[in-house]
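K.L.:
Protein sequence lines correspond, in order, to chains W and Y. Under our numbering, residue 416 is the last one in the first sequence; the count climbs by one each step, no gaps. Under our numbering, residue 832 is the last one in the second sequence; the count climbs by one each step, no gaps.
Please note that a few of the clues may not be correct.
Facing chain Y, according to a computed beta carbon distance under 7 Å, are these residues of chain W, among others [what the hints assert, rightly or not]:
{"hint": "1", "residue": "66"}
{"hint": "2", "residue": "75"}
{"hint": "3", "residue": "79"}
{"hint": "4", "residue": "135"}
{"hint": "5", "residue": "139"}
{"hint": "6", "residue": "142"}
{"hint": "7", "residue": "320"}
{"hint": "8", "residue": "323"}
{"hint": "9", "residue": "333"}
{"hint": "10", "residue": "337"}
{"hint": "11", "residue": "341"}
{"hint": "12", "residue": "347"}
{"hint": "13", "residue": "349"}
{"hint": "14", "residue": "391"}
{"hint": "15", "residue": "394"}
{"hint": "16", "residue": "408"}
FYI, nobody ran anything at the bench for these hints, they're computed from the structure. Note that the Cβ used here is the ideal one computed from N, Cα and C, for glycine as well.
Read off the chains here:
2 protein chains.
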Amino acid sequence: MTAQPFFRSRWVPAPGHVTELRGDAGLPGGFRAAGVAAQIKPSGRPDVGLLVNDGAEPVSAARFTASGAAAAPVLVNRQRCTLGALRAVLVNSGCANAATGGRGLDDAAKTQGAAALATGADPAEVALASTGGISQYLPVENVLKGILAARERLAQSGDVDFQAAIQTTDAFEKRANLSVELPSGTVRLCAQCKGAGMISPRFATMLCFVETDAALPAETADLLLGVCVKRSFDRATVDGQLSTNDTAILMSSGASGVRVAPESEDELRFGEALDALLRQLAVMMVVDGEGAARAARVIVRGGHQDGVEAAARAVANSPLVKAALHGGDPNWGRIVQAVGGALTGTAPLPVDVTIEGMQVCSEGAAIRYDEAELDRLVQREEVEYEVGLPGEGAETEVFFSDLSKQYVTVNAEYTT
Amino acid sequence: MTAQPFFRSRWVPAPGHVTELRGDAGLPGGFRAAGVAAQIKPSGRPDVGLLVNDGAEPVSAARFTASGAAAAPVLVNRQRCTLGALRAVLVNSGCANAATGGRGLDDAAKTQGAAALATGADPAEVALASTGGISQYLPVENVLKGILAARERLAQSGDVDFQAAIQTTDAFEKRANLSVELPSGTVRLCAQCKGAGMISPRFATMLCFVETDAALPAETADLLLGVCVKRSFDRATVDGQLSTNDTAILMSSGASGVRVAPESEDELRFGEALDALLRQLAVMMVVDGEGAARAARVIVRGGHQDGVEAAARAVANSPLVKAALHGGDPNWGRIVQAVGGALTGTAPLPVDVTIEGMQVCSEGAAIRYDEAELDRLVQREEVEYEVGLPGEGAETEVFFSDLSKQYVTVNAEYTT
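Here chain W stands alone, though its shape is the one from the complex (with noise of 0.2 Å):
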């Protein structure tokens, strides 16, 4: 773990009863990791990964991107997996097994039985997730090789070569190492994530795996990772493009003897953990971004959560005010217009903004307020924008990254 504490971001403080472990803690007890160099990057950096479960009752929960056009390792996952119960996960990066049909699942099929084969579990307990350029297919020789070579590296302390193999543009490290002080005991939370959006597609994507030595239920794991994942990756956005390999994976292995049982107080203050945890990540790929100068908060108050939400997001994906933002602009009409053309056939709308606390817009009209101010306050590193729609009792948020000249010299440089 670098020198920066973990909990950075003044959007998500650090509960009170979860403490930063140092970067090479390793892993919580029962779990193994390795990461391996098999020449998929032609830079040489790792880009194959191994986590496995060694626990006596394995539970998982997992997620996975919504996308139609979603890659073959996750449709492998969907279909292929008791996702409940993984003892393995197998990650590459450098290839995205996207767009690849039927062969793309062959692949994917294979890779997933010869991880079976090397870390002694069922076919259907391992899961895959791949990370790269969409289009092209796995080199599925690579992989394998790759297995063989992570099983002789597993251990309790692979977390950061597996990190680093599952990392491909990321600036900088988006790992936790957790404890965890809950009623009944003390637990490890542990989590490797990778992500800096869409920024770069040839290695897009947003992976997330999450280990802990607490005995969960399997329906309180499912429980709680589709909570904290809603409340974090779902409400984050670099450029709006949904990839087509997310996938966010729980894993539990009971080997510290805590049981979190259903709706116990344990329950409460873990939930708490991995809320705080998942959503320090989903700040961590907003402020990822190349060239990214700032981060952004949208909260949008108002009577209905249809409205609220196609607001927040067209705030958050608007490229005027991501540039806005950039810039350190404190052009705020721009909040008013994206606003607007999410909510069509709704003129006048009485809409309020506020920019880190100074109410700029009242009902829809510029009101007046310490221009001096407002300029210095959009310099701030994280910026946030309050916007009123009329009602009350809808509310929703989304975090976002600025629009660099930076992300257009990435995205437009030749592919292949």
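Mind docking chain Y on chain W? Use the hints.
P.N.:
Just chain Y now, kept in the frame of chain W:
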């Protein structure tokens, strides 16, 4: 008119019965216009325009932005104008009069009244259009002075000055001066248009004014404008950002004495000319983005209108697709990703992708193709993508521009 022909896109062939006139041919009979500098723009360039229909029985039709944050002039037009029988249009650049609430409506009404007085029309017969900075109040005094000055200069040859007064960041003039042969006689068709998308939101918005000396029944004018706007401006996107001020107005003076009867061959021919006119203007707006290198058209075919529409918009507004277009990068995986992101829950989606006539993806999977040839094809000034979805019967198209570093530079600059 520049040396370049008006009909210059391969996507908009000039109809055989339409002839391009010289740029100084002036407005159709029955119309006068003027454009003057009223110091609304700090640059001192023209910023107030007046357009008058002197026809005995003026006929008109109008279409406006659907934005929930529609600007004051749009609201005034909708609420107070007899849109089928407009006698005049008052336009200003340099201020959008948007996000200005009740004061904005009052300001707009004042200028409407003044323009009515100046042109001898009823206030309800004067439409308003503004373009410029959102959240700024209209400098009413400047507009009033502009009206007085413009009234003195109204002339049939005033279309060039009128065009100058509505233009903002446009890199080139979007003005047409056409002669149209109908079975019943020859009529004139002119247009003055501005818009570089929302590429610079201080001067946002698409405005388009079309004049003809044909005698159009009001319902014909409305029908034709509605259909042609749907096939042109509604199918164009620079950055997916709906403006607060978009306005298109068609005015007919009847001065030619050629009556275009409903459901006649005249109507068909006139409609074809208007359609080509607006489609070419729409492509021009897409081409005219700061730093734009290439324009594109995506055609999506499939079984469901909602599906093809969502997919086409997703491709056209994807920053990844647009950056690849800018760079002349044949990265078609981004097309698949964008389509998949729009059509969630449909995986595996058997999507076909063809670029400039070369198929690269069949039923969701990469196929073999001539990569060197594709590299060459995507360097063209106009690039066409075709996407095939399952089923038949639905089809749509969207014209779009690329995403350049200059877009970010322009839009990250300080506003005030």
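K.L.:
Now, for every hint given, state plainly whether the structure supports it.
P.N.:
These are the hints, each one checked on the structure:
| no. | hint | verdict |
| --- | --- | --- |
| 1 | 66 | holds, 4 Å |
| 2 | 75 | holds, 6 Å |
| 3 | 79 | violated, 10 Å |
| 4 | 135 | holds, 4 Å |
| 5 | 139 | violated, 14 Å |
| 6 | 142 | violated, 18 Å |
| 7 | 320 | holds, 5 Å |
| 8 | 323 | holds, 4 Å |
| 9 | 333 | holds, 3 Å |
| 10 | 337 | holds, 6 Å |
| 11 | 341 | holds, 3 Å |
| 12 | 347 | holds, 4 Å |
| 13 | 349 | holds, 4 Å |
| 14 | 391 | violated, 14 Å |
| 15 | 394 | violated, 16 Å |
| 16 | 408 | holds, 5 Å |
Hint compliance for this structure: hints 3, 5, 6, 14 and 15 are broken, all remaining hints hold.
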